[in-house]
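Student: For reference, the chains in residue letters:
Protein chains: 2
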Amino acid sequence: MRYFKLTVAYDGKSYVGWQAQNNGLSVQVTLEQAWLKLTGEKRRITASGRTDSGVHAEAQVCSVRTESSLPSSVFLKGLNAYLPDDIVVIGAEEMPGDFHAIRDALGKTYRYQIQSGPIRNVLARDFWWYVPPHLDVAAMRSGAKFLVGKHDFAAFQTTGSDRLTTVRTVTELRLEYREEPPFQWVQIFISADGFLYNMVRCIAGTLAEVGKGKHPPEWCREVLQSCDRTRSGPTAPPHGLCLISVDYPKTSP
Amino acid sequence: MRYFKLTVAYDGKSYVGWQAQNNGLSVQVTLEQAWLKLTGEKRRITASGRTDSGVHAEAQVCSVRTESSLPSSVFLKGLNAYLPDDIVVIGAEEMPGDFHAIRDALGKTYRYQIQSGPIRNVLARDFWWYVPPHLDVAAMRSGAKFLVGKHDFAAFQTTGSDRLTTVRTVTELRLEYREEPPFQWVQIFISADGFLYNMVRCIAGTLAEVGKGKHPPEWCREVLQSCDRTRSGPTAPPHGLCLISVDYPKTSP
Chain A
2 MRYFKLTVAY
12 DGKSYVGWQA
22 QNNGLSVQVT
32 LEQAWLKLTG
42 EKRRITASGR
52 TDSGVHAEAQ
62 VCSVRTESSL
72 PSSVFLKGLN
82 AYLPDDIVVI
92 GAEEMPGDFH
102 AIRDALGKTY
112 RYQIQSGPIR
122 NVLARDFWWY
132 VPPHLDVAAM
142 RSGAKFLVGK
152 HDFAAFQTTG
162 SDRLTTVRTV
172 TELRLEYREE
182 PPFQWVQIFI
192 SADGFLYNMV
202 RCIAGTLAEV
212 GKGKHPPEWC
222 REVLQSCDRT
232 RSGPTAPPHG
242 LCLISVDYPK
252 TSP
Chain B
2 MRYFKLTVAY
12 DGKSYVGWQA
22 QNNGLSVQVT
32 LEQAWLKLTG
42 EKRRITASGR
52 TDSGVHAEAQ
62 VCSVRTESSL
72 PSSVFLKGLN
82 AYLPDDIVVI
92 GAEEMPGDFH
102 AIRDALGKTY
112 RYQIQSGPIR
122 NVLARDFWWY
132 VPPHLDVAAM
142 RSGAKFLVGK
152 HDFAAFQTTG
162 SDRLTTVRTV
172 TELRLEYREE
182 PPFQWVQIFI
192 SADGFLYNMV
202 RCIAGTLAEV
212 GKGKHPPEWC
222 REVLQSCDRT
232 RSGPTAPPHG
242 LCLISVDYPK
252 TSP
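Chains A and B, in that order, are what the protein sequence lines are.
Each residue of the first sequence is one higher than the one before, counting from 2 in the numbering used here.
Each residue of the second sequence is one higher than the one before, counting from 2 in the numbering used here.
It is possible that part of the hints are untrue.
[What the hints assert, rightly or not] Here are the computed lysine-lysine pairs in the DSBU-like style, where the Cα-Cα straight-line distance is at most 30 Å:
{"id": "1", "chain 1": "B", "residue 1": "Lys-14", "chain 2": "A", "residue 2": "Lys-78"}
{"id": "2", "chain 1": "A", "residue 1": "Lys-78", "chain 2": "B", "residue 2": "Lys-215"}
{"id": "3", "chain 1": "A", "residue 1": "Lys-14", "chain 2": "B", "residue 2": "Lys-14"}
{"id": "4", "chain 1": "A", "residue 1": "Lys-78", "chain 2": "B", "residue 2": "Lys-213"}
{"id": "5", "chain 1": "A", "residue 1": "Lys-6", "chain 2": "A", "residue 2": "Lys-251"}
Rather than coming from a laboratory, the hints here were simulated on the basis of the structure.
Next up, chain A with everything else stripped away, as it sits in the complex (with noise of 0.2 Å):
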């Protein structure tokens, strides 16, 4: 048995998400489809993570083992050749023991993006939640201060997912500012060792509220104590939301 990781990216705006679902196409089916198309096997392909309907990523990370004698060196461009416009592999790498890719991740980077400014952008609306008409960044960033670091991060998730625990340890929580006039650029950058369901997007909900001065920063604090789905801002919309990277340990399992 041979063990690859592949590195996924893909524009999230016509599938049901990662998971492959009864109501509509979804990433893992549309690789899976072309892994097929490939070497011939139907394979289960594990991502690192689920991402949700609408959701995009720069670098997914999977796992799929295989049987099939083709060299490593084929895959990348095999697979692309099956593959439609909007999802590409950006690496295939054959792994030397047996990697998985949820098991071996330590952790994820994703990044939020949000437009602000009096008038919307209509070339970024694809990749950036518009939110007017303008975001006060100083307070976002005092805000995600109080979020960073390991937390019950229970009020920043959507009810109903079946997690163990809803403690996470967020390593990083980095806002990036653009203005140019009338545009503001607010990208929100954020590393975990793992997410919560909608975590990332209850966040940027809730740093949105803060920027548009309707809680001070110091409402993030009393959100995250309060484990309360329902103190938190709204969940800001998949769009603007696109996984980064993961990471794996340097020397592979």
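Model the placement of chain B on the given structure of chain A, informed by the hints.
Tutor: Chain B alone, transformed into the frame defined by chain A:
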């Protein structure tokens, strides 16, 4: 009679181009419908120049005359309330005299975007032309130099256009370049006093041939001097092209 200067951004993907046509929806007609809804007036809105089907604009400039008595300040928000997601008015200014978007234009700047590298970037595909596998940007820059200045650009137009002269002055032709493996990002900025039909796309297609190493940089000079469209490179696709700005005299006419 009052005169307005409108600055408009649009994603050209879903339109047959700026100009009203029989074969689909144009940006012009969509904007004129918003004007009608806001003011009650059926007016012709004139752009600085047509953009083709699928071509975008960050700041197209238009002129329109009106007898509306609405205060100047309401036009921007009012028009945007009636426009779809992919068109937005970013400026609406009442002009002191008879402003005309075509007659008064001194020049324009377009940007053509090319993504290269061994892997296509799926998140950039709506606004970047993908040209695999690698572009020699130094060679493209050398080739571009031959096109700066006052020349007969007959070799860089789609034949059939009815311009009186094919002489234009390119005041700037600049390539910006960023390498983010496995992606290469090339932006061609071109400013001129006027453009022939498909001129930027012909130039982009020609420079791409140089970047791919199919021709040396000096080939750009040969093509230019030939005044023969069959000598130049292919017309690059519309989705990489965007009208960036239109210049007018500092003191408004």
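Student: CA of Lys-14 (chain A) to CA of Lys-14 (chain B), is that 30 Å or under?
Tutor: Judged against 30 Å, a Cα distance of about 16 Å means the pair holds.
Student: Given the proposed pairing of Lys-6 (chain A) with Lys-251 (chain A), does the C-alpha separation stay at or below 30 Å?
Tutor: 14 Å, holds
Student: Please work out if Lys-78 (chain A) and Lys-213 (chain B) have their alpha carbons no farther apart than 30 Å.
Tutor: With Cα atoms ~20 Å apart, Lys-78 (chain A) and Lys-213 (chain B) stay inside 30 Å; holds.
Student: Is the straight-line distance between the alpha-carbon of Lys-78 (chain A) and that of Lys-215 (chain B) 30 Å or less?
Tutor: Measuring from Cα to Cα gives roughly 23 Å; hence the hint holds.
Student: Would you check the hint for Lys-14 (chain B) and Lys-78 (chain A), treating anything up to 30 Å between C-alpha atoms as holding?
Tutor: Holds. Lys-14 (chain B) to Lys-78 (chain A) sits at ~28 Å (cutoff 30 Å).
Checked against the numbered hints above, the structure violates none of them.
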